[in-house]
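Enquirer: For reference, the chains in residue letters:
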Amino acid sequence: MKKRLSVLMAIGLAASALTACGGNNTSSSPSAPAASSAPSASASQKPSGDPVTLTYAIWDSNQEKGLRTMADEFEDNHPDIKINIEVTGWSEYWTMLEAGATGGSLPDVFWMHSNEIYRYASNGMLLDLSDRIKSSQSVKLENYPEGLNQIYNFQDKQYAIPKDFDTIGLWYNKTMFDAAGVKHPDETWTWDDLYSAAKVLTKDGVYGFLAPLHNQEGYYNFIYQNGGTVITDDKQSGYDDPKTIEALEYYVNFAKEGLSPAVFDDAERAELIKNGKVAMGYFGSWNLSGFTENEYMAKNFDVAVLPKKEKQASIYNGLGHAIAYNTKHPEEAWQFVEFLSSKEGQERQAELGVAISAYNGAADLWISSNKTFNIKAFVDMVDYGVIRPYSNTTAVWEDKVNEALGQAFSGKIPVKEAALNAAKVMNESLSQEK
Amino acid sequence: MSKVVSRRISRQTWSEWSWGWFLIAPTMIGLIVLNIIPIIQTAYLSFFKSGDFGRGNIFVGLDNYRKMFDDVQVWHAVGNTLLYAVLVVPISIALSLIVAVLLNGEIRGKSLYRTIYFIPMVAAPAAVTMVWRWLYNEHFGLINYVLSRIGINAVDWVGNPKVSLISIAIIGIWSVIGYNMVLLLAGLQEIPKDFYEASEIDGASKLRQFFVITLPLLSPTLFFVVVTSVIQAMQVFDVIYMMIDVTSPAYEHTVSLVYLFYNNSFKYSNKGYGSAIVILLLAIIMVITFLQVRGQKKWVNYM
Amino acid sequence: MDTKIRIPRHSMIHVLLVIGAILMILPFFWMLLTSFKSVTESTSMNPFVFFPTQWRWGNYIEVLRQNNFPRLYWNTFAMVVLRVICSIVFSAMAAYAFARLKFPGRGFFFGLVLFQMMVPTQIFIIPQYLMVDSLGMRNTIFALLFPGLVSAFGTFLLRQFFMGLPKELEEAAKLDGCNIGQTFLRIMLPLVRSGMVALGIFTALFAFKDLMWPMIVNTNSDAATLSSALAKIQGAYSVDYPELMAASVLAIIPMLILYIIFQKQFIEGVATSGGKL
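Chains as they are written, first to last, in the numbering used here: chain G, 64 to 497; chain H, 224 to 526; chain L, 8 to 284.
For the record, the hints were derived by calculation from the structure and aren't laboratory data. Please note that a few of the clues may not be correct.
[Claimed, not checked] Distance condition first, Cα-Cα at most 25 Å in a straight line; then the derived PhoX-like pairs of lysine-lysine:
(1) L/Lys174 x H/Lys416
(2) G/Lys237 x G/Lys262
(3) H/Lys520 x L/Lys174
(4) G/Lys475 x G/Lys374
(5) L/Lys174 x H/Lys521
(6) L/Lys216 x H/Lys521
(7) H/Lys520 x L/Lys109
[To be verified] One side only, chain G facing chain H, incomplete, derived with CB under 10 Å:
(8) Ser154
(9) Glu161
(10) Ala164
(11) Ala325
(12) Asp329
(13) Glu331
(14) Leu335
(15) Ala458
(16) Val459
(17) Asp462
(18) Asn465
(19) Gln470
(20) Phe472
(21) Lys475
(22) Ile476
On a predicted model such as this, the values are computed, not experimentally measured, just so you know. Just so you know, even glycine gets a beta-carbon here, dropped at the ideal spot from N, CA and C.
Start from the sequences and build out the full structure, keeping to the hints where you can.
Expert: This is how it looks when you write it as structure tokens:
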């Protein structure tokens with residue numbers, strides 16, 4: 064052991080004088096021993112031969128395997144292009160992109176999200192794809208839901224092409240429904256059915272429904288089903304709309320009457336449903352792999368479309384594929400994005416069960432990728448899906464609204480008052496948008 | 224600190240000066256490039272309405288600071304951060320000092336204990352969070368289970384604004400004990416054994432030895448532990464970030480300054496405002512550290 | 008000493024230490040147990056599953072299959088060793104000067120050292136990324152080392168250790184004809200060995216646990232570290248806890264072994280190294 068340390072010290076001190084005391088030694092300059100020894104860890108990075116290497120940055124490791132398969136197939140048809148998939152966790156992903164955008168070293172191809180598109184598009188970080196789409200044989204925007212296209216359209220230029228979408232479904236515990244003799248939910252269900260089922264199912268420490276303080280997988284859906292809105296077309300808050308307030312009152316009532324636990328915490332929601340504490344809950348399609356892997360969920364649960372009020376609605380959103388404005392290989396990057404967005408690519412993505420493909424009709428192939436649940440419900444809802452409300456600074460006002468509405472959820476103030484507060488802070492925030 | 228002794232500098236002084244500069248040169252150059260310049264940039268940015276990706280910053284003078292002083296959330300965060308430090312620092316140092324002194328003595332299995340007490344430091348953060356989440360869980364957690372057995376109603380340890388900061392502080396204390404213990408054990412090694420032998424001959428009790436020998440001779444290390452613990456506590460972020468969502472009713476009572484800075488700078492892309500919050504935090508820590516450096520003469524015993 | 012009194016007192020101490028130890032070891036134990044569970048068992052709280060119903064090695068096999076562990080171990084090892092060497096060497100040099108030498112600017116420069124520690128590390132990430140990027144050194148071992156080239160923490164720590172040493176030592180060395188460099192290297196440095204080992208342990212640990220930096224600067228999976236590669240298992244939506252824990256166990260075992268070796272070393276170091284006055 065001792066040797067180990069002295070070796071360590073010897074290495075470190077080799078730079079300085081080590082002569083015996085009394086010698087007339089002038090020390091040599093301090094060479095930094097470690098700074099110079101920096102072997103490259105990535106020999107594969109160097110463009111030694113002809114093939115061009117594209118980096119493709121994504122944030123969901125669940126999709127890596129399927130996308131790798133697709134990238135391999137793409138490489139087979141394009142021997143001169145090599146795809147390097149780089150996965151970074153969700154929050155690190157945005158820091159990485161931000162650093163890359165600031166320093167001019169973005170990945171060639173990467174995922175885009177509705178919360179972030181404005182910043183990247185308005186600052187010219189993304190390659191304008193409009194002309195390439197126009198002259199492309201296989202990519203036509205009319206093949207994608209218009210709402211998704213619009214997310215990635217900034218000042219009439221298309222900066223990303225829809226990759227997939229997600230919707231919110233009503234997950235329900237079949238076993239509990241059968242035991243209580245309640246009919247399983249289907250597309251005819253209304254808010255009244257939801258409420259009466261929740262009432263019957265609330266017993267023995269189990270809550271009938273899960274109505275947490277959550278927007279996308281919670282009250283947003285109710286607002287739009289009731290004909291209300293979160294944000295108007297001229298970018299004003301919709302929280303002072305009576306329809307919106309009515310929906311929130313209905314929603315908050317579940318917790319008030321004890322039909323739902325009071326839940327504010329994101330992780331707690333899944334915890335409760337996976338442990339049989341709630342009979343029904345709203346969860347997005349992205350939970351599918353997690354729920355399928357859970358034996359309790361797989362055995363007892365199924366999913367249906369959301370119940371309706373004035374109309375049917377489900378919040379939906381989707382990722383897009385973007386290309387860096389300064390990529391060294393715009394042609395090759397486009398070829399890859401073109402493949403990912405083509406009918407073949409989108410169908411392959413659905414078939415492999417990677418995600419619900421955005422391409423019209425391709426989603427049907429995705430349905431057969433999961434036999435455990437009735438996931439057709441997620442695809443059915445696209446027809447009346449409502450794009451997740453967004454503006455240029457969505458993340459800012461969403462948090463403020465949640466904070467304001469939280470007061471009503473914890474029963475401190477009436478829903479109406481909380482909603483009006485929410486409208487106020489949201490409008491303040493929106494007025495500061497550039 | 225150094226006084227220039229005379230106008231003519233002797234060769235010996237020169238040699239000491241140049242050795243001094245030479246020895247600190249690598250560290251100082253590194254620190255200035257890696258850290259000090261970014262800090263200055265942050266301070267500079269706090270006077271701007273920041274554009275995206277480092278472009279298009281607009282000078283707004285003291286606007287960010289004005290906004291900050293009107294922002295109740297910032298004052299909540301200042302209060303929470305200070306309260307957290309007050310809860311964590313004294314308790315964690317006292318506990319780790321006891322553990323370190325015990326494990327420095329003639330205790331059987333001490334190297335096993337030393338390893339075990341260090342383990343929270345190496346455990347994966349996700350594991351740490353999972354365990355504490357489970358312990359604190361309102362419906363299924365161990366703590367509430369035990370309480371229910373003795374007839375006490377379930378407590379929402381994380382979500383209840385009244386207790387959440389204490390719950391967070393307990394995790395903070397728990398996770399820092401191993402760190403303090405290693406430092407204090409290292410400091411204890413530097414105390415010459417002869418001192419104890421001499422005082423044992425004098426018939427001093429163990430407790431007296433602790434106060435007369437251990438504590439004074441450990442004080443340089445202890446000073447380090449106190450200063451760094453305060454700084455670390457003031458920068459608390461990870462645990463709160465992982466346990467408390469922005470939507471939680473406990474958020475207002477637990478949000479720390481670094482959490483606010485993080486949200487503003489990274490989530491809301493408002494780097495200018497985030498920078499102002501960092502500068503506020505820096506100012507508070509500087510005052511506290513300055514007072515400690517001043518106060519060290521009263522209790523820290525350098526030979 | 009009266010042995011009759013000692014025994015009960017020691018057993019009381021042991022009881023307290025054991026209770027503390029159980030609390031401390033719980034998350035590690037949890038990691039180990041979770042790594043053998045099924046996904047369902049890992050999140051099940053009702054009924055609560057403490058021990059896995061069967062010991063599943065599959066989680067380990069899956070993690071080993073999906074990651075290039077030799078590569079990850081090597082990158083991590085190189086990063087940790089380089090950071091430890093840099094922080095010990097540079098910190099010891101600066102710490103000695105701050106503690107024992109008088110020179111103009113000492114107070115100011117030491118102020119800067121303290122100053123660095125007061126700032127949350129998040130503000131350094133993007134500026135340091137830009138530096139590494141402009142050097143063209145992304146996806147290299149050097150990039151991993153970069154933020155750890157120097158250590159304010161280490162400088163402050165070792166300064167405290169040097170300050171605790173008696174003045175007589177230097178005077179004796181001076182009489183022997185040692186210059187300042189020799190006094191530092193041959194007389195003083197060996198006496199702060201515990202501090203250096205403690206610093207080494209912390210540097211290694213922090214380097215090892217650092218996740219944000221390697222994830223952002225070394226996006227290429229060949230240049231990842233253990234913790235950054237394993238962090239990917241924590242997806243945006245769902246977390247496969249058993250796999251995550253299996254991966255974590257594989258990652259921390261070398262760290263734990265290292266600590267066990269070094270804690271013996273630094274506890275026993277001084278007694279034999281002439282640390283007595």
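Enquirer: Going through the earlier hints one by one, which of them does the structure break, listed in rising order?
Expert: Violated hints (numbers, rising): 4, 6 and 22; every other hint is consistent with the structure.
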